[in-house]
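Could you put the whole structure together from the sequences, leaning on the hints where they help?
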Amino acid sequence: MHWDTDDIHTIHCFGDSLTAGYGAVPGAGWVEVVAKRHPEINWINHASLGALTEDILDALEGTAALTSGQEGFFFMGGTNDILCGFRLSSLEGRLTERLPSISGKVPLTIGIPPLATKESIWSGWQSEAVYERNQLDLAAYGDFLRELAKESNVCLIDFSHAFPLEDAWYYDGLHPNEKGYKRFADMAEAAWRIKER
560 MHWDTDDIHT IHCFGDSLTA GYGAVPGAGW VEVVAKRHPE INWINHASLG
610 ALTEDILDAL EGTAALTSGQ EGFFFMGGTN DILCGFRLSS LEGRLTERLP
660 SISGKVPLTI GIPPLATKES IWSGWQSEAV YERNQLDLAA YGDFLRELAK
710 ESNVCLIDFS HAFPLEDAWY YDGLHPNEKG YKRFADMAEA AWRIKER
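Whatever position you read off the sequence shown (first residue = 1), add 559 for the working numbering.
Simulated from the structure, these hints should not be mistaken for laboratory data. Hints are supplied without guarantee of correctness; some may be wrong.
[As the list claims (entries may be wrong)] Restraint-style ranges between C-beta atoms, simulated for each label pair: (1) Asn-712 to Asp-617: 16 to 26 Å; (2) Asp-617 to Lys-677: 28 to 38 Å; (3) Ala-688 to His-568: 43 to 53 Å; (4) Gly-652 to Val-584: 14 to 24 Å; (5) Ala-688 to Leu-625: 18 to 28 Å; (6) Ala-698 to Asp-614: 34 to 44 Å; (7) Glu-599 to Asp-745: 16 to 26 Å; (8) Lys-677 to Ala-624: 10 to 20 Å; (9) Val-689 to Asn-712: 13 to 23 Å; (10) Pro-598 to Glu-691: 39 to 49 Å; (11) Ala-699 to Ser-627: 30 to 40 Å.
If you're wondering where the values come from, they're calculated on a predicted model, not measured in any experiment. Just so you know, even glycine gets a beta-carbon here, dropped at the ideal spot from N, CA and C.
Given below as structure tokens:
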């Protein structure tokens, strides 16, 4: 499913450091790149570094409850939960319970976060002992989000397929570099079918 943003004048983006643009110079995160390309839309990036899914959902629900219409919403989270060792079934349960309710009220897009390279170990984001398990959980989480988006009939942006799992696309093995975020921006622009007004 794709969005048609003709009737959407504001897009709220909720997430963690991957949506905040961590790893790129200021203004080079993917939300900011799309915003520069399409200033006719009001872009609000609510992302917070280190945010867990529960925090992101709380912020998203609060803002969605106050919408006056003509506003779209983006959600991406879960990486920090997995890296912190939270059970995948618990993460999926929270999203199954809350995201369909949100998507029934406002236009919603779900983002699938990218996998990590082994550079994320040397950067201190996770230990070598849990790297393979976390990769499996991130991949399974992506499968879950694809199915949830299909069942909820919402737009999906699969950032896990944005670029090869190679350090050349990453700042630190977990967060994309500017080239990686530009690819994120290209995918968002295509998924939202943004046209010049």
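Hint by hint, here is what the structure shows:
1. In this structure the supplied range 16 to 26 Å holds for Asn-712 paired with Asp-617, their Cβ-Cβ distance being about 24 Å.
2. The given range of 28 to 38 Å is respected by Asp-617 and Lys-677, whose C-beta atoms sit roughly 33 Å from each other.
3. Judged by the Cβ atoms, the range 43 to 53 Å given for Ala-688 and His-568 holds: they are separated by roughly 48 Å.
4. Between Gly-652 and Val-584 the beta carbon distance is about 38 Å. The supplied range of 14 to 24 Å is therefore violated.
5. Separated by about 44 Å at the C-beta atoms, Ala-688 and Leu-625 break the suggested range of 18 to 28 Å.
6. A beta carbon spacing of about 24 Å between Ala-698 and Asp-614 contradicts the range 34 to 44 Å that was offered as a hint.
7. One distance hint, 16 to 26 Å for the beta-carbon pair Glu-599 and Asp-745, holds here, with the actual separation near 18 Å.
8. For the pair Lys-677 and Ala-624, the supplied restraint of 10 to 20 Å is violated, since their beta-carbon distance comes to about 41 Å.
9. Val-689 and Asn-712 have their C-beta atoms about 35 Å apart, which leaves the hinted 13 to 23 Å range violated.
10. Taking 39 to 49 Å as the suggested C-beta distance range, the pair Pro-598 and Glu-691 conforms, at roughly 43 Å.
11. For Ala-699 paired with Ser-627, a C-beta distance near 38 Å keeps the hint of 30 to 40 Å intact.
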